[in-house]
Amino acid sequence: AQKITQTQPGMFVQEKEAVTLDCTYDTSDQSYGLFWYKQPSSGEMIFLIYQGSYDEQNATEGRYSLNFQKARKSANLVISASQLGDSAMYFCAMRALQGGSEKLVFGKGTKLTVNP
Amino acid sequence: ETGVTQTPRHLVMGMTNKKSLKCEQHLGHNAMYWYKQSAKKPLELMFVYNFKEQTENNSVPSRFSPECPNSSHLFLHLHTLQPEDSALYLCASSPRVFNQPQHFGDGTRLSIL
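For the record, the sequence lines run as chains A and B. For the first sequence, the positions run 112 to 227 when the numbering used here is used. For the second sequence, the positions run -19 to 93 when the numbering used here is used.
These aren't lab readings, by the way, just hints derived from the structure by calculation. Zero decoy hints are in this set.
A partial selection of chain B residues facing chain A, derived with a Cβ cut-off under 8 Å: (1) Leu68; (2) Leu70; (3) Phe78; (4) Asp86; (5) Gly87.
Partner residues are not named here, just some residues of chain B that face chain A (Cβ under 8 Å, in silico): (6) Pro22; (7) Leu23; (8) Leu25; (9) Glu36; (10) Phe84.
No residue lacks a Cβ here, since even glycine has one placed at the ideal position from N, Cα and C.
With these hints in hand, go ahead and build the complete structure from the sequences.
As structure tokens, this is what we get:
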């Protein structure tokens, strides 16, 4: 069975500093995608960044980068130069397709607070 | 503007009421999803539709009844709900390939009295 583990219920960071949010996963699938989403207090889920299981390069999107270590089954999100607007819940998720079946699983999330 | 619109944003209902949640996507995606998000729990996948056909039902109680009349619209019909069903219900859509993200609506916050 697929599983996503986010071990940090809450994280604090000073404005303009970098922060790493941890994510480990468990799957027997060979092809899968790893995603990070941001959920502000208003509730909407915002897609941030994607890493494919066969991608050799770590994904980057602006201030977001993904530290992908396939052998360790980890996909940590790094936010550089934190801003006050980055305060939100962050979810790691995995998606795989096997025949006609779609597998989707989300972690419990990490609440990030950026302090001025 | 997310491309996925959910209505209503908030809903309060009694346990004997019948109501429906609506989701509409304008992204041309062929897969649509319902999720339940309760406090202090991971996001729970409820239903998956692919080209209007239901492909996943994660042991959801029959008091939740989904309907997908076309690839752009998804409904969740609610009847005889329990207090533990109070949660944020999120709709999402995506292309049906594993390397594409899901796009989420803003959710319906449901409270059962």
